[in-house]
Amino acid sequence: MKTGTKLGIAALALAVGTVMLWFHLARQVNLPDDRTLFVIVFLCAAALGVTAYVKGTSILGAIPPAFAMVIGLFLPFTIAISPQELEAGKVIQVGDTIPHFTALDDQGATFDSASLNGHLVLIKFFRAHW
Amino acid sequence: MITVSTDLPEVIAEDRHLHGIQARMLSDQQLIVTDAFGLRNTAYHSAPPGDDTKALPVPATLLVDTRGKVLWMDVSEDYQRRSDPSVVLAAMQQHFDTL
Numbered sequence: 001m002k003t004g005t006k007l008g009i010a011a012l013a014l015a016v017g018t019v020m021l022w023f024h025l026a027r028q029v030n031l032p033d034d035r036t037l038f039v040i041v042f043l044c045a046a047a048l049g050v051t052a053y054v055k056g057t058s059i060l061g062a063i064p065p066a067f068a069m070v071i072g073l074f075l076p077f078t079i080a081i082s083p084q085e086l087e088a089g090k091v092i093q094v095g096d097t098i099p100h101f102t103a104l105d106d107q108g109a110t111f112d113s114a115s116l117n118g119h120l121v122l123i124k125f126f127r128a129h130w
Numbered sequence: 001m002i003t004v005s006t007d008l009p010e011v012i013a014e015d016r017h018l019h020g021i022q023a024r025m026l027s028d029q030q031l032i033v034t035d036a037f038g039l040r041n042t043a044y045h046s047a048p049p050g051d052d053t054k055a056l057p058v059p060a061t062l063l064v065d066t067r068g069k070v071l072w073m074d075v076s077e078d079y080q081r082r083s084d085p086s087v088v089l090a091a092m093q094q095h096f097d098t099l
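Respectively, the protein sequence lines represent chains A and B.
In terms of the working numbering, the first sequence opens at residue 1 and continues consecutively.
In terms of the working numbering, the second sequence opens at residue 1 and continues consecutively.
No lab work stands behind these hints, which were simulated from the structure alone.
Predicted model, so just to flag it, every value in this text is computed and none were measured.
Please note: incorrect hints may appear among the correct ones.
[Unchecked claim] Label-pair restraints from in silico Cβ distances:
no., chain 1, residue 1, chain 2, residue 2, range
1, A, Leu-60, B, Pro-85, 25 to 31 angstroms
2, A, Met-20, B, Asp-51, 37 to 43 angstroms
3, B, Gln-30, A, Gly-17, 29 to 35 angstroms
4, A, Ala-114, B, Asp-51, 29 to 35 angstroms
5, A, Arg-27, B, Glu-77, 53 to 59 angstroms
6, B, Gly-20, A, Leu-104, 38 to 44 angstroms
7, A, Thr-102, B, Leu-18, 35 to 41 angstroms
8, A, Pro-32, B, Tyr-44, 20 to 26 angstroms
9, A, Ala-80, B, Asp-97, 36 to 42 angstroms
Every residue gets a Cβ at the ideal spot worked out from N, C-alpha and C, and that includes glycine.
Just chain A, same shape as in the assembly (with noise of 0.2 angstroms):
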């Protein structure tokens, strides 16, 4: 097995191991504030997988390491854009009153926040189902 062969692997094999505890952490809403040691590793696994094609590969042992540079450049992709940031002064605060709002349910059938008085309602907003 040519070198770059047995790199593209390892690096391959080092991306999805990552990913796969990432995801781990994230469904149990436990990724670490600081998610700087996960980018060094990722973009480890896109450097060792860059080095697989320097050291020259077969035909197929060049795909694990186009994998693992894509998975090594889009999760600290991810993390960059991740912050999120709202319009100050325009954001609800703790006191307000929340507005009146209608919006379609899941089942098309339209829901009136006014339904919402006298109850105690918790609201989530989330991104979408992706």
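Following the hints, position chain B against chain A.
Chain B alone, transformed into the frame defined by chain A:
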């Protein structure tokens, strides 16, 4: 309990059973409800191909009393970091159980 996301109603309906959610789940693709609460994320927006949303809500949880007053809220500064569910449960015990 109600949830708000930019998913279209049919997408929410498809995935709802996966998590056994009992809440009324609302579709807010145009961010009308999100903007009414001032919860639009104004930082970098990214979505998978095929998703048409121009922006997303900042992940947030609000506890509201019977007259519509916000008692407590938790807003994510980072979409990869959310409060542990125990934080929400503790807030519910603190704010709801005393009413």
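Cross-check of the supplied hints:
no. : hint                                      : verdict
1   : Leu-60/A to Pro-85/B: 25 to 31 angstroms  : violated, 45 angstroms
2   : Met-20/A to Asp-51/B: 37 to 43 angstroms  : violated, 25 angstroms
3   : Gln-30/B to Gly-17/A: 29 to 35 angstroms  : violated, 40 angstroms
4   : Ala-114/A to Asp-51/B: 29 to 35 angstroms : holds, 31 angstroms
5   : Arg-27/A to Glu-77/B: 53 to 59 angstroms  : violated, 20 angstroms
6   : Gly-20/B to Leu-104/A: 38 to 44 angstroms : violated, 22 angstroms
7   : Thr-102/A to Leu-18/B: 35 to 41 angstroms : violated, 27 angstroms
8   : Pro-32/A to Tyr-44/B: 20 to 26 angstroms  : holds, 21 angstroms
9   : Ala-80/A to Asp-97/B: 36 to 42 angstroms  : holds, 41 angstroms
Figure legend: structure checked against the earlier numbered hints; hints not met, in rising order: 1, 2, 3, 5, 6 and 7.
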